[in-house]
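> One-letter residues, chain by chain:
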Amino acid sequence: MADEKLTQIYIMGKAYDVPVGVTIMDAMEYAGYRFIRGAGCRSGFCGACGTVYRKAGEYRLEFVLACQEMVEEGMHLTQLPFTPAPRSDYVLNELDPRENVLLQHYPEIARCVSCNTCTKACPQEIEVMDYIQAALRGDVAKVAELSFDCIACGLCAMRCPADIKHYHVGQMGRRLHSIANSPMPDHLTERIAQLEGGTFDNEMNALAGASLDDLKTKYAERVIEKAVTEEVTT
Amino acid sequence: MARTKTVSRENLRERVEELSGERVFACYQCGMCSSGCPYAEQMDRLPSQVIRDLQLDDETLLDSNAMWVCASCLACEVRCPKGVDLAKLMEALRQIHLRKALDRMSLDDLSKEAVRNLPQIALVASLRKKSG
Amino acid sequence: MSELTYFPGCSLKDNAKRFEDTAFFVMERLEMPLRELETWNCCGTVYSLTADDLMHHVASVRNFVRTQETGSEELVTLCAMCYNTLSRVAGRINADEEERTKINAFMDREPDYGGTIRVRHVLQVLRDSVGWERLAEGATRPLFGLKVAAYYGCTLVRPRETGIDDMERPTVMADALEAVGAEPVVFPFEAECCGTYQIVDEPHLALEQSGRILQSAALAGADVVVTACPLCQHNLEQAAESLAADVEEIRDIKVVYFTELLAAALGADEGSMTPVVRELITSRVTAEGGA
Chain A
13 MADEKLTQIY
23 IMGKAYDVPV
33 GVTIMDAMEY
43 AGYRFIRGAG
53 CRSGFCGACG
63 TVYRKAGEYR
73 LEFVLACQEM
83 VEEGMHLTQL
93 PFTPAPRSDY
103 VLNELDPREN
113 VLLQHYPEIA
123 RCVSCNTCTK
133 ACPQEIEVMD
143 YIQAALRGDV
153 AKVAELSFDC
163 IACGLCAMRC
173 PADIKHYHVG
183 QMGRRLHSIA
193 NSPMPDHLTE
203 RIAQLEGGTF
213 DNEMNALAGA
223 SLDDLKTKYA
233 ERVIEKAVTE
243 EVTT
Chain B
19 MARTKTVSRE
29 NLRERVEELS
39 GERVFACYQC
49 GMCSSGCPYA
59 EQMDRLPSQV
69 IRDLQLDDET
79 LLDSNAMWVC
89 ASCLACEVRC
99 PKGVDLAKLM
109 EALRQIHLRK
119 ALDRMSLDDL
129 SKEAVRNLPQ
139 IALVASLRKK
149 SG
Chain C
4 MSELTYFPGC
14 SLKDNAKRFE
24 DTAFFVMERL
34 EMPLRELETW
44 NCCGTVYSLT
54 ADDLMHHVAS
64 VRNFVRTQET
74 GSEELVTLCA
84 MCYNTLSRVA
94 GRINADEEER
104 TKINAFMDRE
114 PDYGGTIRVR
124 HVLQVLRDSV
134 GWERLAEGAT
144 RPLFGLKVAA
154 YYGCTLVRPR
164 ETGIDDMERP
174 TVMADALEAV
184 GAEPVVFPFE
194 AECCGTYQIV
204 DEPHLALEQS
214 GRILQSAALA
224 GADVVVTACP
234 LCQHNLEQAA
244 ESLAADVEEI
254 RDIKVVYFTE
264 LLAAALGADE
274 GSMTPVVREL
284 ITSRVTAEGG
294 A
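Chains as they are written, first to last, in the working numbering: chain A, 13 to 246; chain B, 19 to 150; chain C, 4 to 294.
Don't take each hint at face value.
To be verified - Chain C is faced by these chain B residues, among others (derived, beta-carbon under 7 Å): (1) G39; (2) V42; (3) S90.
Unchecked claim - In the DSBU-like style, the derived pairs of lysine-lysine whose C-alpha atoms are separated by at most 35 Å in a straight line are: (4) K23(B) - K26(A); (5) K150(C) - K20(C); (6) K257(C) - K130(B); (7) K16(C) - K106(B).
To be verified - Below, a sample of chain A positions facing chain C; criterion: calculated Cβ distance under 7 Å: (8) G50; (9) V125; (10) S126; (11) C127; (12) T129.
Calculated directly from the structure, the hints in this document are not laboratory data.
We put the beta carbon where it would ideally sit given N, CA and C, even for glycine.
So here's chain A without its partners, still in its complex pose:
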């Protein structure tokens, strides 16, 4: 522990010495912060840990996920764990994807000035402005294609001068694309039929009725790697 290399960062304006070679999230916990918000999967998929930082001596702001980005000497950072973005209500099957549905539900996308601030704020390197422009045009397929990696961290919406809620638009676009353009996957059709046919009813009922001890034993003894290897080799 005494040999550990440390580096200085600033968390919400206060200086801390944290280990080199750890993520921002680990560094914050090392510094004594306990996450009850702003942490989730810790694997770069849930979008809970949106973080804004600046390097000492620089003026540009950078946008990353705390669970993915490594600390650097002189980082000045803060977190944005939540964006209060309203989501439009819709029933997917009642929408006609041939209309300008995205514009109807999110008319503020017409306020986009093409400034590209959203793209610069994205920790996933998504072309955010381009998919908003596609949404404005009604090109649902392009919205789906470009927004695919979005994890809804909300950093784009926080920075947008037009108050657009990009990730909600992207999600709606992907859903519209799937009902309009994508074929229904065979394995999904099969699985739904199995579920509706009762194939898994006994198993589900057994689990639902199991005792707490039973469940704990089952969980502790669950097999993971072997199953994956079997699937891959067959």
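Starting from the known structure of chain A, arrange chains B and C on it as the hints suggest.
Only chains B and C this time, still in chain A's reference frame:
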């Protein structure tokens, strides 16, 4: 409770001239703009009265509907014998409100049905002119 | 065959698709096909008029950078509002090096805009690069007997610096239709505002204006009013619909995009036409040269 945003009323002429880049005293009140403006009848002050009020630094002009009824059609600008760009003056008057987040138009009042039938340029343009 | 780098604008892909489709047909026939920019964004209509506002010009400048990347010096548009916005931004930013530098510095992820792109409207291309004679030669289905009121609106002819024709007596759209056999009808409201974006939240302003325009065209004897802008088209259609009950003159008048009529004249398949255009072609156009 949110603070009420208000438009600032001092030095109206000076601020409008700075925002627009126009000189209001170039106008000699010939009335060409008012006679050519398709929306003059809907305005509570005629276009030539708007510029007269700017010359007189009349801050009640900020409460007029003229700049919101204006559609930036430029009929005034192309006809002014003194080359005064009244459209820019109207834009400055709008921006004085919009830059304080005092939007004239709210998306909440737009029904999905209305948006469905509009060409995109209608929404883009009205939001540019009536929201900040 | 020379290609034109084409900027559609948001409405041409969706609400005004038939405007684009018929324009593609016409320009292919005239051997000057429109090639869409691979990546483009909304031009940001309407042109921002404040002296200090550079942000609202970024959208248009971004499209000029995309144009540069194709190696083209010129960008051609169909939508009159896009034409107006793009050409005014080009006028200002091409001339002002300081503002151009600022915008380039802001758009730090793009190549710099060099300030040399020109913007043209399809009507200018038809007049200046194709010529009326060549257009006339292509008319396999001349529109003889069809009385057409060419409606320019504001954005094509104002301000003077970017106007494609004289704003007090424009003729370019009428000339195009005359070249293919139609009979242009002059009316006093041909360059008056249609109401533009007021249709969104103060619709009565737009409907009154558009109603006046239709009435004026009808009284001058027009069968059809032609437009070059999706918003003019929309407003005039709305006015025709909502005022037909009260204003007798506008009950029969039709409103179409100028390219729809040009396409019909240049031999477009009847199946590709809208019912309105088909009706005009079959019932109003006469077989021989009109009087």
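> All the hints need checking, so say for each whether the structure fits it.
Do the hints match the structure? See the list:
Below 7 Å, beta-carbon pairs count as interface contacts, and G39(B) has one with chain C at about 4 Å; its hint therefore holds. A cut of 7 Å between beta carbons decides the hint on V42(B): the least distance to chain C is about 14 Å, and the hint is violated. Using the Cβ-Cβ criterion of 7 Å, the hint placing S90(B) at the interface with chain C is satisfied: the shortest such distance is roughly 6 Å. As the CA atoms of K23(B) and K26(A) are separated by approximately 34 Å, the hinted pair is consistent with the 35 Å bound.
Proposed proximity of K150(C) and K20(C) is supported: the alpha carbons are some 25 Å apart, at most 35 Å. In summary, the hint linking K257(C) to K130(B) is supported, as the alpha carbons are separated by about 27 Å, within the 35 Å threshold. Restraint check for K16(C) and K106(B): the C-alpha separation of about 31 Å stays at or below 35 Å, so the hint holds. Taking 7 Å as the C-beta contact cut-off toward chain C, the hint placing G50(A) at the interface is violated, the least distance being around 28 Å.
With a least beta-carbon distance of about 6 Å to chain C, the hint placing V125(A) at the interface is held under the 7 Å criterion. Taken as an interface hint, S126(A) checks out: its beta carbon lies about 4 Å from the nearest beta carbon of chain C, inside 7 Å. A hinted interface residue such as C127(A) counts as satisfied when its beta carbon comes closer than 7 Å to some beta carbon of chain C; here the least separation is about 6 Å, so the hint holds. The interface hint given for T129(A) is violated, since its Cβ lies 10 Å from the closest Cβ of chain C, which is over the 7 Å cut-off.
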